[in-house]
Each structure stands twice: as structure tokens, then as C-alpha cells.
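**Q** If you want the building blocks of each chain, they are given just below.
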Amino acid sequence: MGLDLDLTAPDLTLAWPQLIVFVMTVVLLFADAFVPKAQHFATLTGISLVGYIGAAFALVTQSGQNAATFDGAFRADGLTVFLSLIILVAAVATVVISASYLQNGEQQLGSDGRLRIANSVPAGEFYVLIGFSVFGAMLVAAAGNLIVLYIGIELSALATYVLTAFAKRRLTSVEGAMKYFLLGLFASAILLYGMTWIYGVTGSMDLDRIAAHLAGTDAGDGFTDPALLLGLLLLVVGIGFKMAAVPFHFWTPDAYDGAPTPVTAFMSVVPKAAAFAAAIRLFVQALEPLSDQWTTLWAVLALVTMVFGNVVAIAQRNVKRMLAYSSIAHTGYIMVGLAAYTSGGTIDDPSISSLLFYILAYTFMNIGAFAVITYLQQRGVGMMLEDFNGLASTRPLIAVAMTLFMASLMGVPPLLGFYAKYYVIVAAIDADLLWLAVTIVVASAVSAFFYLRIVAVMYFNQPDGRPLALPTRLLSGGIGVLAVATLLLGLFSSPIIDLADQWSGALTVLGRTAGQ
Amino acid sequence: MADLLFLIPLIPLVASAVVLLFGRTVLGDRSAILSTAAVAVSWLLSVVVAVDIYRSEEAIAQTLFRWIPSGDFDVRVNLYADQLTAVMLLVVSTVGLLVHVYSIGYMRGDPGLYRFFAYLPLFVFSMLMLVLADNFLVMYVFWEAVGLCSYLLISYYFRRRSANNAAKKAFIVNRVGDLGFGLGIMFVFWTFGTVNFFGETGVFERVGEAGSTTITVIALLLFLGAMGKSAQFPLHTWLPDAMEGPTPVSALIHAATMVTAGIYLVARAQSIFLASETAMLIVASIGAFTAFMAATIALTQNDIKRVVAYSTLSQLGYMTLALGTGAWMAAIFHLVTHAFFKGLLFLGAGSVIHGMHDQQDIRAMGGLKKYMPVTYWTFLAAALANAGIIPLAGYWSKDEIILGAWISDYQPIGQIVSIVAIVSAFLTALYMFRLVFVVFHGRERFDPAVVHPHESPRVMTLPLVALAIPTVLIGFIGAPPEHGLYHRFVEPVFYDVEAEEAEAATYVVAQEGDPAPAGEAATAADAAGGDHSDGAYLPHEPSTAQIVSFGVISTVAAVGGLVLAWLIYFRGAISPVELGQRFRRLYDISYHKWYFDELYDGLIVRPLRSSAIFLWRVVDIDVIDAMVNGVAGGLAAVSQRLRQVQTGLVANYALAIALGMVVLVGVYLTAFSSLFR
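So the protein lines, in turn, are chains A and B.
Read left to right, the first sequence gives residues 9 to 524 (our numbering).
Read left to right, the second sequence gives residues 574 to 1250 (our numbering).
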């Protein structure tokens, strides 16, 4: 394999959506410095929303394409579009739910019974960091080689580390960020080390060329080259960390708990989506010939993650920590989609499309749940279970929305979360992983305890006379939209799953034809 | 037009959702206007759709979305409107609209108003979806949804214990029927591999593929569902109790629409029922028995709404017996006329109750004619129609049922049920006019110092008048008998017109005395009509003599009942008390509703209750709860333990990641690589 440089100019039109987000971020940097104080906040929020929505439109015009540029390092295929759309939805939702937080800062109930601002947050930097993180995650979704993939992951993660520490006067925020950062570096090193092994064995950074090389090396005795296997395992550890899979999840509760709540909402979705994008690119596209090895591995990790996440969530009384463990559990459910991949996947293989649909569903219901906490936290309450006491009588619509999110996370039909689990379970059964399907059902039953506990507290306990959260229009509207999406997208899920099917199918088919 | 079909159910649904969310806080009394307006739009669209179908003589279909894509089990939510659906749409939306208008007045000032006006359009939505469904599963969903709305509305006055009990009774008795319906659908899917009604692959086209036992089982299971919803013996006991709900609810749900869902189901699935003579026999017998039994009970009840409720049961029995004798069009015709006159009877009864300050006992009424003239005249019209007095609505449809049963292919059962129907018609006139005379004529038996009877407000009398018009006139869509506008409209649904023409051709050819082509034509007729060899799908043409003589017979029966009621309750020529004493046994049976409630209580409720207590105290608490609590306690303990893994020290976390990696690498390199080979 010689040095085959492609000297044609890169086709930048394929990268429009990503470039829009990048340019938006740079504009935000300047706007932060120059826009006068009076319009400062509204302008920045507006620029962010316009940027993300514009990027989403640019993405939609790209759907159906299946192209690559920068010598294959950047891909514009169905997977890019689907994952980037999820990431942008999460970005828009984050901007909407964090607006009032940014205006008012984090407030705490003082000993004299008055609220005072504990942490004010500079909106400009917040939006810029969100922008970079989104850009990085979109880059992962579009990555065609190991370097781009790694840069995307790091870009996304570095911005998130800083965001975690944004409530800088609160110690837990700084502590969570520190842990997240240190462990993140540790995991990145492992990931990078795995990539070097893969490069060393296959001699290529390009995902399709790696697949092509591997397809020709199977000795046929059922055993794999140890160097290759080591590379694969290191990748699993690195990606597993980014996903928050057990036992690489330890940063999650501390970071989720410490970060400002809108940031928690963001980091529970976007870096996770980026990690799964990386997993699909790395394993399904590049290491497809080794799928017998990695599917078992993901299946075992999925089992451990689901069980651990759900069981430990029971013991949490801090709702943010509870949702952190719940997000670990959901990582487990999503991983089942990866584990259910059957080698030589065809368009009919439902595994990857079920995974994609799950991430989409998870985006809506999880950000929704965090949005409700943000809503309560406006007034210095909202982290602990007791803060939900009697919410149904003081803020009935918010209580209904929270109930919807909890029921959806639990998987109650006909909500979005039910359909997400349903498709994943079908994929698992199709792949003869009946034990994994059963585990999902049992784990969901366990999860009913801590999800319904919040509902019970909201409806059956008396409000205890704490200061009421003030309704803020943008946030309430955002919660409303997320709740409606949670209610309706499940019922009308078949067109979405069809799209996911086409796009993930296109990916695997493309991967194979390119590999031949 | 097909593109707008979905709006018909959607608009009431939206209204219901809006009222449910904002009714208590924002809308208040405006909820009533919003819901009524929504149903009015639905009604308008239904009329447009019906006219469209009438003009084009073709069914309208609209594909909405794929609901369950799961391997072979592919269920879509489609809307389908043919002539039968159009008739149902008109009935549901018309009566629905008038009941909404009436309720604005009837429910005024009720603190739970918004709940009422959230559930009522929800019911209209569910009922419209039920008749628009083009497969069994979607129909089943909305079958349950109307049941839910019925439950919610019966227990609307939830502070009243009896209302809660009635709601539970309705729900539980319907469970028996719905279980049958559910099993029937599973059988259908098992047999045909689909739950869709129509098309080449649909169930109705392929009935011939199944064995006769299978089809009989399917038909009987479906009919069990119909028996629950349409309150046929022995699942009839819930309907009279359901009168605990507000009167407009009784009019809309428990008289005009929901209870006819069972009739609609059997009519829709006619090809399944036609394929099984056993099923038809059972349907006809149960219908006839219900018609007769309910009529006898209605004779002695003293609660005005209960009399009307038993009358509903009896009329539903008429429809069922018509279905069982293959008189499909007559059954649906009676459904239509009954919806109007029975809706009117209930609304009239509601008006009486309203004017009498919530008094429902007819023994405390009397002489109300002069206080509430509008209510009286409209009630009288409905009573005449219900009694089947020519030329009001009920006469045409009831007469057609009696005649249809007499000349049907299913003999001797057809003639037996026909006679039962005539006897019941006599009883119908008797109990209807007992009610009219006791309530509106005679001595005023209330205390004028306490009760001041008054006519209801305009918003309530207007729907009465509006319903009185179809009550008087709607029968004429079925006149002349068997050849009315109604028959020409609905015919394509029930009878294969092509096969009929082929039959006619056979007849002509046979007349010309050439047997060979006649045979061919007959085969053609069979091929077009499916596997029914005896031509049961063709309408029997009654002769003019039959039409006239049956018209006379049913008129005599009805007028006879009327005259007897007049003699007893108006003239006082015969003392009702003495009659009751003379026929003590019969009176008791009727008064105690044939002891069905007591029978079920002894046979089912009590044994179930004691076994439930056993299961609860012993099996549940000592065994299952102990197990579940043990598991839960164990999980909580494990959770507390595992929680401590989260030490908060970064070094520990890094160690855990490293250990995890070492384990993974160790296991995998040993087991799957060629390293140690």
C-alpha cells in the first residue's frame, strides 16, 4: 500500500452543515465581544438557534447522498445526516432550556429564606463551548478516518469538560469537571493507543481501507491476530468510557451531578451520541470483519451496564444522580443495538437502525427530564427527590410533562421510549440474543421503581411550601415541545425507523462495496 | 374528499384534549361551546362525506400510517368509509351534536362541567374511529376506547357510590364480551394471517378458506363481543345500571351509538356470520329472547330512565334478531331510526327529570303535560315511534325486521323469532304508553308545595324538537318497504349486486327454457358471490301481499298495546294493582328483572369474591408479596452496596477502568487470539 495522495480539491459543499456550525461558533466569539450589553443575551441566543437550525436544513438537503471527500476522511452519507440531526436537535433543545439559566444564573435558598444568585454564567462563552462541542460531535459522525474521528471526539469532550466546571463557585462543579477531565484524558490515551495498534496492523487510517485489509487476513481457524485484538479491545475501552459503559462509567455520576443542569442535559446526549457514532464508524464500518469478536464483547458490556445502572439508580435520592445512573442504564440498552449486529449486515438487519432510533428517542426524553429539573432549579430547589413534592398541584402541566418523560424512559407504551426499546428488543431477538432481550425487559421493570417514585412524589405528596419555580416562557415551551415529541414520535415511529434502516443499510452496504 | 376523512374524528379529539388540559383553568364554561363547535364541524364533514359516497356509490379510503410493523403482523391505521360507515357517521355525529347542544343546558352550573365536555367529544372521536376502522385491531382499540368513555361518564357523579358501582359493573361485564372479541381477533389472525377487513387479502373476501368449525368459533367469539357492548342476554345487566350517568350520556352512549357498536360489528362481519348457520341461529335466538325479556321487565319498572333503558335493551334485541335472520338492512335501518327516537326519549326523560328537580320515580309524577308541553309532544312522538305506530320512524324498521325474519332462509327459527317480535311489539306499545300516561296525564302525584314542574330552557328543548323531526320523518327513507332511498343506498354493502344480476340472468334464461346456459350463469353467480350455495346473500323479495299483511299485523299488535295502556292507565278501566295481584308470580319476575342480578350475584360474584379473598389473604400476601418484597429488599440492599463503589476518588476510578481493561484484554487474548496457540 503505497502513498496514494489524492490531489483533487476537496468538495467543501459536502461539509456545509458542519461548516455552518463552525462559522456560527466563530461569529458567537466575536459577537460576545462586540454586541452591546442590552441586546447581548438575545443576540447570542438568536445566533445559536439560527446556526443550528440552518445546519439542520443544510443536512436535510444532503439526505440521500452517499459521498466522501478529503480523500475519504470526511463522509457525507446517511449515517452522518441521521446522527448530525440528532446532535443538532439536542443542541437546539440545550440552548432553549439553558436560556433562562444563563440569564438568571444558579440561585440558592439562603439561610434567611431569600434566594440569591450563587453563580452567574457568562452566556457568550457558554454558547461558544456548546458550539465547539456540537461541531466536534458532528465531525465524529462524518469521520472517514481514525484521525478525524479522534479529533472530533477530543474537540467535543474538551468543550464539555469546561462546561462542566461552569458553576465555578460551586465546589461540586469544579470537582466533577476535574474528575471528568482526568479520566477523560486517561480514556483518550487508551483510545489513541488502540488506534495506533490498528494502524500498525493494517497500515491505514482510512476506515474502508482498514475493513478491506482485514477482510483478506482471516486465517480461518477462528483465532485472531493478537495485535489486532489488542487494538480492538483498547478501542472498546476508550469508546466505552465516552459512552459511560460499566465499568468505565465512574466519571458519570460526579460529572452529571456537578455540572450545571442544562450542561448535564447536553452532556448526557451529545457526547454519548458522538461516542455511538464513533462506535458505528469504528466497529461496523472499519472492524466489520471482526464482528464476531466485538458483538459478544458489546453484549456482555451491555448486560453489565444495564443491570448496574438500573440497580444503583434505586439508591439515589438526588434526582440528577438518579438520572446519571439512568443514563448509564440507557447506554446499556443502546449498546444492545450494537451487540445485535450480525456479520455481513444487510439492509434488513435492524440492529444499527434500532440503535439510531434509540439515540433519537433518548435525546427527547432525557433532555426533557433534565429540562424539568432546570425549571425547578431556577429557584434554588430541584435537585433532591423532596423538591418534587406536590408538583402536580402547584405546577400541573410541568408535572404531566415530567410524568411523560419518566414513563417514556421506563418504556411505557405508546410513548417514544417504548418504541425505542421495542425496536432494540426485536433486533436482539433477530440476532439470537434472547437473553439480552430478556435482560432489557427485566431491567426496565426494575427501573420502574425509581422513575415512578418521582411521579408518586409529584402526585401523592403535599407541596411543602418552598418558593415556587417561576415559569419562563422559552423553557416551558421547550418542555412542552419535548413532551409532545415524546408522546407522538413513538406512534409515528415507522417512517423514522424506515429512514434509519435505509441510512444504516447504506452505510454497511457502502462499507462492503468499498472494501471489495 | 378522501383527504379530509381524518378530520372527522380528529377535530373532536383535539377539542377533548384542549378541554382536558385547559378546561379547568382557562376555558371554564366555554369548554361546552368549544366541544359542541368541534362536534358540529365533524357533523358537517360527515354530511359532506355521506353525500359524496351517495353520489359516487364508491367507498372512500384514506391511509394514515403504519402502526405495528412486526414481521407478518403489519397493522396500518387506515380509514374506510362505505355506505354502511356513512350511515353510522351520520347517526353518530347527528345525535352527538344534538346531545352536545342539549348538555350545554342540562349540565349548566355543574362544577365538573369541563370533565363532562372533555369526555363527551372523546367518546365521539372513539366512536367515529370505531366505524371508520378498516381492520379488526384498530376497531378493537376504539371498541375499548368507547368502553372507557362510557365508564368515565357513567361514574361522572363520582361522589355517588351507586354511580361508581354502575360504572364498574359496566366495565366488568363488558370485559367478558371484550375477551371474546379479543380472542375472536386472535383466531381471525391465526386463520387468515391478517386482521384487515377488505381487499383481495382481507378477511371478508377469504372467509371460504376456513373450515366451518373455525368460522363458527370466530363468529361466536365476535358475537360475544357484540353481546357485551350491545347488552344482549346474558350480558345485558350492565345497561340499566348505566343510567346512573348524566341523562345526555344515556341518550348518546347508552341508547343511540355505543350500544349499537355490537350491531355494527356483526353487520360489518356479515360474510363471517353468513358462513355459519349455527352462529346465525344463536344470534337470532339471543336477539329474540332479549327483545322479549327486556320488554316484560320494562312493564313494571318505576324509574323513568330504567323503563327507557329496558326499552333500549329490547330494541337492541330486535336488531340482533334481524342480524341473525340475515335481514341486515333491516337491522341497520332499525339502528338508525332507534338512534333518533330513543335519543329523543332519553333527552325527554332528562327534561322531565330536570323539570321535576331530579325526581326519577314516575309514581311521583303525573299530569305534567300542561307544565312541559314541548317535552310532552316530542316525548309522545318518540313513544309512538318506539311503539311502532304507522307512519313514524319505528314502524318502518320494526315491520321490516318482523317481515324479514318471517321470510328469511333460516327456518323454522325465522318464523319463531318473528312471532316473538310481534308479541314484543305489543308489549313495547304497552310499556311505552304506560310511561306516557303515568308521567304526563292523570292526577298530579307530587307535592306542589315542594316541586314546581317547569319546562326546560330553550337550549334543551331545541334538540328535542330537532330530534322529533327525524323521529317522525326518518322512516320514510325506508319507504316503500324494501325499496326506499335507504335500501338503494346501503344495498351494495350487503348484497353482491353483480351476483344479483347474474341470478336475474339465470332466471331470464331459465324462463326461455334453455337449461344449459342457465347452469353456466348459475356458476357465474356462485363464483361472484363466493361459496354460499343457497344464495343466502340475496335479499328475499317479499310479495306485496306479505308486506301489507305484516304491516297490518304489527299495527294491530302496536295499537292493541296502546289501547290496553290507555284502558289501564288513562281510563282506569282495569286496575293495574289488581292485575299485579292476580298475576303475582309474573309480576314479581318482571319487577325483579327475571332475577338475573340475584342469579349472577349467587353464581358468579359471591364465589369469585370469596376465592378472591382467599387469593388475596393467603396467596398474595403470604406468598407473592413476600417474594416480591424479598426481591425488592434484596435489590435495594445490593444497590446500597454498589453505591459505595462510587468513592469519589479519581485514583479509584482510574484503577477500575484499568482493571476492567486488563480483564477484558486478558480474557480475550487468551480465548480468541492465536497468541497462546
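No lab work stands behind these hints, which were simulated from the structure alone.
Any given hint might turn out to be false.
Listed next, with one range per pair, are the computed distances between beta-carbon atoms [claimed, not checked]: (1) B:V599 with A:A46: 28 to 36 angstroms; (2) B:L1208 with A:L179: 53 to 61 angstroms; (3) A:T402 with B:N738: 55 to 63 angstroms; (4) B:A1244 with A:T204: 18 to 26 angstroms; (5) A:V58 with B:L1232: 42 to 50 angstroms; (6) B:W763 with A:T204: 52 to 60 angstroms; (7) B:L594 with A:A17: 49 to 57 angstroms; (8) A:V492 with B:F1049: 42 to 50 angstroms; (9) A:T402 with B:P1021: 49 to 57 angstroms.
If you want the ones that stay clear, here's a sample from chain B, every Cβ over 12 angstroms from chain A, calculated [what the hints assert, rightly or not]: (10) L725; (11) G755; (12) T869; (13) E1028; (14) A1244.
From the three backbone atoms N, C-alpha and C, an ideal C-beta is built for every residue, glycine too.
**Q** Do the Cβ positions of B:V599 and A:A46 conform to the proposed distance bound of 28 to 36 angstroms?
**A** Between B:V599 and A:A46, where Cβ atoms are some 34 angstroms apart, the hint holds.
**Q** The output says B:A1244 does not contact chain A. Does that hold with a beta carbon cutoff of 12 angstroms?
**A** 9 angstroms, violated
**Q** At 12 angstroms, judged by beta carbons, does B:E1028 keep clear of chain A as stated?
**A** Non-interface label on B:E1028 holds, nearest chain A Cβ at 41 angstroms vs cutoff 12 angstroms.
**Q** Go ahead and decide if the range 42 to 50 angstroms is satisfied by the Cβ distance of A:V492 to B:F1049.
**A** 49 angstroms, holds
**Q** Taking the Cβ atom of B:L1208 and the Cβ atom of A:L179, is their distance within the range 53 to 61 angstroms?
**A** 32 angstroms, violated
**Q** Is it correct that the beta-carbon of B:T869 has no partner in chain A closer than or equal to 12 angstroms?
**A** Given a closest Cβ separation of 46 angstroms, the condition holds.
**Q** Could you say whether the range 52 to 60 angstroms given as a hint is met by the Cβ separation of B:W763 and A:T204?
**A** With a Cβ separation near 58 angstroms, B:W763 and A:T204 satisfy 52 to 60 angstroms, so the hint holds.
**Q** Please verify that the nearest CB of chain A lies beyond 12 angstroms from B:G755's CB.
**A** Check passes; 17 angstroms lies beyond 12 angstroms.
**Q** Assuming the hint says 42 to 50 angstroms, is it satisfied by the Cβ distance from A:V58 to B:L1232 or not?
**A** 47 angstroms, holds
**Q** Does the Cβ-Cβ separation between B:A1244 and A:T204 fall within 18 to 26 angstroms?
**A** 24 angstroms Cβ-Cβ, so the 18 to 26 angstroms window holds.
**Q** Just tell me: holds or violated, for the beta carbon distance of A:T402 and B:N738 against 55 to 63 angstroms?
**A** 34 angstroms, violated
**Q** Kindly confirm whether 49 to 57 angstroms is satisfied by the beta carbon distance between B:L594 and A:A17.
**A** 56 angstroms, holds
The structure fails to meet hints 2, 3 and 14 from the earlier list, while all remaining hints are met.
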